[in-house]
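J.: Here's the letter readout for the chains.
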Amino acid sequence: MKKIARFVFVLVSILIISSCRDEIPLDTFDYENYLVVEATLSNAFKQQEIKLSRTTQLDTSFANIENNAEVYVIADETTRYDFDQTKKEGVYLSNQSFSAEASSDYQLFINTENGRSYTSTVVRPSNAATITNFYAERTINADSIPGIQVLMDIEGGDTRFFRFEYEETYKIVSPFPSPVDFTIINYQEDRDEGISFDVDTIQNPRLEEERICYSTNYSTGFNLGTSGVLNQNRLLRQPIIFIPANDPKIQERYSVLGKVYTQNISSYTFYQNLDELSTNDDLLSQKQPGFIAGNMSSINGNSENVLGFFDVAIETEQRIYFNYSDFDFQEPPYFYDCNTIKLDYLDNTVLDRNPNQREEIYSLLISGKYNIYRRFNFGPQENTYILISDLCSDCTTFSSNEKPAFWKD
Amino acid sequence: MNNILDYKVGADLTLNENLEQELLQGTGRAYGIEFLIKKEKGDFNGYFGYTYSRSELKLDSAIPEENVNNGAYFPANYDKPHDFSLVSNYRLTKRFSFSMNFTYQTGRPVTYPTGKFIYAGQEQVVYSARNQFRIPDYYRLDLGINIEGNHKKNKLVHSFVNISVYNVLGRNNPYSVFFVTKDNEIKAFQTSIFSIPIPTITYNFKF
Numbered sequence: 001m002k003k004i005a006r007f008v009f010v011l012v013s014i015l016i017i018s019s020c021r022d023e024i025p026l027d028t029f030d031y032e033n034y035l036v037v038e039a040t041l042s043n044a045f046k047q048q049e050i051k052l053s054r055t056t057q058l059d060t061s062f063a064n065i066e067n068n069a070e071v072y073v074i075a076d077e078t079t080r081y082d083f084d085q086t087k088k089e090g091v092y093l094s095n096q097s098f099s100a101e102a103s104s105d106y107q108l109f110i111n112t113e114n115g116r117s118y119t120s121t122v123v124r125p126s127n128a129a130t131i132t133n134f135y136a137e138r139t140i141n142a143d144s145i146p147g148i149q150v151l152m153d154i155e156g157g158d159t160r161f162f163r164f165e166y167e168e169t170y171k172i173v174s175p176f177p178s179p180v181d182f183t184i185i186n187y188q189e190d191r192d193e194g195i196s197f198d199v200d201t202i203q204n205p206r207l208e209e210e211r212i213c214y215s216t217n218y219s220t221g222f223n224l225g226t227s228g229v230l231n232q233n234r235l236l237r238q239p240i241i242f243i244p245a246n247d248p249k250i251q252e253r254y255s256v257l258g259k260v261y262t263q264n265i266s267s268y269t270f271y272q273n274l275d276e277l278s279t280n281d282d283l284l285s286q287k288q289p290g291f292i293a294g295n296m297s298s299i300n301g302n303s304e305n306v307l308g309f310f311d312v313a314i315e316t317e318q319r320i321y322f323n324y325s326d327f328d329f330q331e332p333p334y335f336y337d338c339n340t341i342k343l344d345y346l347d348n349t350v351l352d353r354n355p356n357q358r359e360e361i362y363s364l365l366i367s368g369k370y371n372i373y374r375r376f377n378f379g380p381q382e383n384t385y386i387l388i389s390d391l392c393s394d395c396t397t398f399s400s401n402e403k404p405a406f407w408k409d
Numbered sequence: 410m411n412n413i414l415d416y417k418v419g420a421d422l423t424l425n426e427n428l429e430q431e432l433l434q435g436t437g438r439a440y441g442i443e444f445l446i447k448k449e450k451g452d453f454n455g456y457f458g459y460t461y462s463r464s465e466l467k468l469d470s471a472i473p474e475e476n477v478n479n480g481a482y483f484p485a486n487y488d489k490p491h492d493f494s495l496v497s498n499y500r501l502t503k504r505f506s507f508s509m510n511f512t513y514q515t516g517r518p519v520t521y522p523t524g525k526f527i528y529a530g531q532e533q534v535v536y537s538a539r540n541q542f543r544i545p546d547y548y549r550l551d552l553g554i555n556i557e558g559n560h561k562k563n564k565l566v567h568s569f570v571n572i573s574v575y576n577v578l579g580r581n582n583p584y585s586v587f588f589v590t591k592d593n594e595i596k597a598f599q600t601s602i603f604s605i606p607i608p609t610i611t612y613n614f615k616f
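Chains as they are written, first to last, in the numbering used here: chain A, 1 to 409; chain B, 410 to 616.
Don't read these hints as lab results, they were simulated from the structure.
Owing to the predicted nature of the structure, the values given are computational and were not obtained by experimental measurement.
A virtual CB, placed ideally from N, CA and C, is assigned to each residue, including glycine.
Honestly, I wouldn't trust all of these hints.
Computed spacing ranges between beta-carbons, pair by pair [said to hold, decoys possible]:
1. 481(B) <-> 145(A): 46 to 54 Å
2. 80(A) <-> 462(B): 19 to 27 Å
3. 473(B) <-> 97(A): 28 to 36 Å
4. 479(B) <-> 5(A): 28 to 36 Å
5. 60(A) <-> 545(B): 48 to 56 Å
6. 426(B) <-> 405(A): 27 to 35 Å
7. 407(A) <-> 480(B): 29 to 37 Å
8. 513(B) <-> 145(A): 37 to 45 Å
9. 473(B) <-> 5(A): 31 to 39 Å
10. 338(A) <-> 479(B): 30 to 38 Å
11. 545(B) <-> 57(A): 51 to 59 Å
12. 423(B) <-> 80(A): 42 to 50 Å
13. 412(B) <-> 137(A): 25 to 33 Å
Calculated lysine to aspartate or glutamate pairs in the EDC-like style (CA-CA distance at most 20 Å, straight line) [to be verified]:
14. 591(B) <-> 168(A)
15. 596(B) <-> 113(A)
16. 403(A) <-> 84(A)
17. 591(B) <-> 208(A)
18. 369(A) <-> 344(A)
19. 596(B) <-> 59(A)
20. 596(B) <-> 209(A)
21. 596(B) <-> 30(A)
22. 596(B) <-> 23(A)
23. 88(A) <-> 492(B)
24. 417(B) <-> 352(A)
25. 591(B) <-> 22(A)
26. 342(A) <-> 328(A)
27. 408(A) <-> 276(A)
28. 591(B) <-> 532(B)
29. 615(B) <-> 532(B)
30. 403(A) <-> 208(A)
31. 417(B) <-> 275(A)
32. 51(A) <-> 165(A)
33. 46(A) <-> 84(A)
34. 591(B) <-> 167(A)
35. 87(A) <-> 113(A)
36. 51(A) <-> 431(B)
37. 51(A) <-> 167(A)
38. 596(B) <-> 32(A)
39. 408(A) <-> 113(A)
40. 591(B) <-> 352(A)
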C-alpha cells in the first residue's frame, strides 16, 4: 500500500512539474502605432481639454505624445472651437472657454503633423443626471479593511448610462515644524580630529500657513454604472471611493468632489471594454481580448485604426467634507514615520563602538532632507542635536501650502 | 455555416447570467484537403497523413462594438491549417518491434497585445486584430519498443511489454498563451503539458 502511495505521489509530482504555466518574455509581437484620442467635453464652462498620444511598445516606459496636431470641434455644424497644444504633455486646450450643451451636436476633427486626418462620429450629450445624495459611511470593505465608503445616489435624465469620477483634497499639518532655519558654517577637515563645523540658526517660528498643506488627487480608471435593468432610472449607492480608516488623508480634514457624467451606450461600452481588458487578472476566467474600437476613424479612406473616444458628457458634481472623528475611528498616523534622530556633536569617533555622530549630523543636514527640531545650547546635553525628516517638519516637500479656492474649514 | 458563435471583445463568461449579451453570431466557412498513404503489410508498416484545413469566421455588424476585425473573415479559435502525422512500426524479430509516432500541427490562433497607451490615468493595452497571431507550432516525437514473450501455443497468458518515451524531443508545446493585466502591468504566460520526455512501461497480457 505504501509503495502504491509513493508511486502515486511521484506520478502526481511529475505531472505538476511537467504541466506548467510559465511566464514568457513579453515581446512586442508586431507593434502598431495608433493615434490615441482622450477627450471629454463637458458642460462646465471652461477651456475644454483633449489629450492626444500614440501607442508605445510594450517594453518601453515613456509616453508617446502627438505633437503639433490641428484639433478643432464643430458644434451644430456651425461653431468652430480650436484647440492649441499646451506645455502639458499631449494636452490640447480650447482657445476659448465654452460649455457643451445637451441639445447640441459635436464633432471632433484632428489633422496630425504627418498629414493624416481623423474625425469622430457626431455626438450629442444626454441630459444631466441629478445627484440625489452624496454621502460617506463607515464600513468594512471586501478585503475586511475598516474604513469610509463614499457613495452616490443619482437619478438619470434621458440616459441610463453613467460614468463617475472624483477629486479628493485633504489637509495636511506638519507634525514637527522646525523652529529654526540653519546654515552650516566654518566647516573644516582635520586629519586627526575629523571634521568640525558650526551650525548657525535663526529662529523662525512657522506661521500656520507654512505648516498647513493641501493635496489633491484625481480618480483614475473607469467607474461606470447603469440603471439598465431597473424600472426606475435611478442608481443608488454607487461606490465612489473607499478610504481605509488608517489612511493619513483623513487625519485632518478630507474633502471629495464626486462627479457623474452622462454617457450613451457607445461611450459606456467603450470605457467598459477598456476597463475589463485592463483588469484581466483572473487566470481561470480569461476575457476575450481584442482591439477596442471607439468613435474615431480615419478620414483618409483607409482602414487605419484609431484608439479612443470623443465623448461629450453633461456633468453634475457635489462636494462633501469629513475626517476620521466623524466616523468614530482612531486618529490615523501621519504619512511618514516621524522618528526624531538624537545625535551628539561631541562624538566624533567610531572608537566608542557607535557611529561618528558628528559626521552623521553633517551628512544629514547637508542632504537637505533633515531639519533641526531642537538643539541644546547648554546643560548636560549641550551640543546635542535632535533632527527630523523634512517630510515631517515641512509638508511642502510633498504637498502644496496653497489653499484651494473652494476649501471650507 | 450560419449562426456560429464567438465572443464580444471583453466578454467574460464566468458566472455570467446574461451569456447571450456576451456572444456574437456570425458566418463561418471551412475548407481543406486531406492526404493519406498507408502501408499495412510487411515488417515495416505505418501511415503518413497530411491535412490542410481552414476554418474561418466573419462577425460583421452595423454596430461598431459588435464588429470584429472590420467584418472580415478571420481564423477561428480552432483553425490549424497544417496537420502532419507519421506513424511507423518496424518488426525486427518475432519478439521485438519498434514504433515511432511524429505529429506536427500549426499553433492555434491567438490575439496578442501589440502596444500600450495611457488612458484615464492608467496604462492600457492595445490588442491586435482577433486571432491575428499564432501560438508556437506543436510537434512531438514518441518512440517505443515492444518486447513479446515466447510464442508457445499452449501458454496460459500471452503477454508483452511496451517501453516507450512520450515527447522524446522534450518539446515544450504550449497549448495556450495568454495575458494577465494586473496593477497596470501586463504579463504573458504559456501553459504546456509534459514539456519533458516521459518514459512509460506497459505490461499487457491476453488469456
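J.: Run every hint past the structure and note whether it holds.
T.: Structure-based check of all given hints:
Between residue 481(B) and residue 145(A) the Cβ separation comes to about 48 Å, which falls inside the hinted range of 46 to 54 Å. Separation of residue 80(A) from residue 462(B) is about 55 Å and departs from the stated range, judged on CB atoms against 19 to 27 Å. For the pair residue 473(B) and residue 97(A), the supplied restraint of 28 to 36 Å holds, since their beta-carbon distance comes to about 32 Å. About 58 Å separates the C-beta atoms of residue 479(B) and residue 5(A), a value inconsistent with the hinted range of 28 to 36 Å.
The hinted range of 48 to 56 Å is not satisfied by residue 60(A) and residue 545(B), whose Cβ atoms lie roughly 25 Å apart. Checked against the hint of 27 to 35 Å, the pair residue 426(B) and residue 405(A) fails, with Cβ atoms roughly 47 Å apart. Distance hint check for residue 407(A) and residue 480(B): the Cβ-Cβ separation is about 53 Å, which falls outside the suggested range of 29 to 37 Å. The hint said 37 to 45 Å for the Cβ distance between residue 513(B) and residue 145(A), and at roughly 53 Å that hint is violated.
In this structure, residue 473(B) and residue 5(A) break the distance hint of 31 to 39 Å, their C-beta atoms being roughly 59 Å apart. Taken as a hint, the range 30 to 38 Å is violated for the pair residue 338(A) and residue 479(B), whose Cβ atoms sit roughly 59 Å apart. Taken as a hint, the range 51 to 59 Å is violated for the pair residue 545(B) and residue 57(A), whose Cβ atoms sit roughly 21 Å apart. About 48 Å separates the C-beta atoms of residue 423(B) and residue 80(A), a value consistent with the hinted range of 42 to 50 Å.
In this structure the supplied range 25 to 33 Å is violated for residue 412(B) paired with residue 137(A), their Cβ-Cβ distance being about 48 Å. For the given pair, residue 591(B) sits about 24 Å from residue 168(A) by alpha-carbon distance, which is inconsistent with the 20 Å threshold. The hinted pair formed by residue 596(B) and residue 113(A) fails the criterion: a straight-line CA distance of about 33 Å is larger than 20 Å. Simply put, residue 403(A) and residue 84(A) have alpha-carbon atoms about 29 Å apart, too far for the 20 Å limit, and the pair is violated.
For the proposed pair residue 591(B) and residue 208(A), the alpha carbon gap of about 42 Å is over 20 Å, so the pair is violated. Between the alpha carbons of residue 369(A) and residue 344(A) the distance comes to roughly 19 Å, so the proposed pair stays at or under 20 Å and holds. Our distance criterion of 20 Å between C-alpha atoms is met by residue 596(B) and residue 59(A), whose separation comes to about 11 Å. Simply put, residue 596(B) and residue 209(A) have alpha-carbon atoms about 46 Å apart, too far for the 20 Å limit, and the pair is violated.
With a CA separation close to 16 Å, the supplied pair residue 596(B) and residue 30(A) stays within the 20 Å bound. Restraint check for residue 596(B) and residue 23(A): satisfied, since their Cα atoms lie roughly 7 Å apart, inside the 20 Å limit. As the CA atoms of residue 88(A) and residue 492(B) are separated by approximately 55 Å, the hinted pair breaks the 20 Å bound. Simply put, residue 417(B) and residue 352(A) have alpha-carbon atoms about 72 Å apart, too far for the 20 Å limit, and the pair is violated.
Proposed proximity of residue 591(B) and residue 22(A) is supported: the alpha carbons are some 17 Å apart, at most 20 Å. Restraint check for residue 342(A) and residue 328(A): not satisfied, since their Cα atoms lie roughly 35 Å apart, outside the 20 Å limit. The suggested pairing of residue 408(A) with residue 276(A) is violated, with an alpha-carbon distance near 38 Å, which exceeds 20 Å. Distance hint between residue 591(B) and residue 532(B) is fulfilled; the C-alpha atoms sit about 10 Å from each other, no more than 20 Å.
Proximity of residue 615(B) to residue 532(B) is assessed by CA-CA distance (about 64 Å); at most 20 Å being required, the pair is judged violated. Of the supplied pair hints, the one linking residue 403(A) and residue 208(A) holds, its CA atoms being roughly 12 Å apart against a limit of 20 Å. Using a Cα cut-off of 20 Å, the hinted pair residue 417(B) and residue 275(A) holds, with the two alpha carbons roughly 14 Å apart. Our distance criterion of 20 Å between C-alpha atoms is met by residue 51(A) and residue 165(A), whose separation comes to about 17 Å.
With a C-alpha separation of about 14 Å, the suggested pairing of residue 46(A) with residue 84(A) holds against the 20 Å cut-off. Of the supplied pair hints, the one linking residue 591(B) and residue 167(A) is violated, its CA atoms being roughly 24 Å apart against a limit of 20 Å. With a C-alpha separation of about 17 Å, the suggested pair residue 87(A) and residue 113(A) falls inside the 20 Å cut-off, and the hint holds. Our distance criterion of 20 Å between C-alpha atoms is broken by residue 51(A) and residue 431(B), whose separation comes to about 31 Å.
Between the alpha carbons of residue 51(A) and residue 167(A) the distance comes to roughly 19 Å, so the proposed pair stays at or under 20 Å and holds. Under the criterion of a C-alpha separation no larger than 20 Å, the hint pairing residue 596(B) with residue 32(A) is consistent with the structure, at around 19 Å. Restraint check for residue 408(A) and residue 113(A): not satisfied, since their Cα atoms lie roughly 46 Å apart, outside the 20 Å limit. Simply put, residue 591(B) and residue 352(A) have alpha-carbon atoms about 51 Å apart, too far for the 20 Å limit, and the pair is violated.
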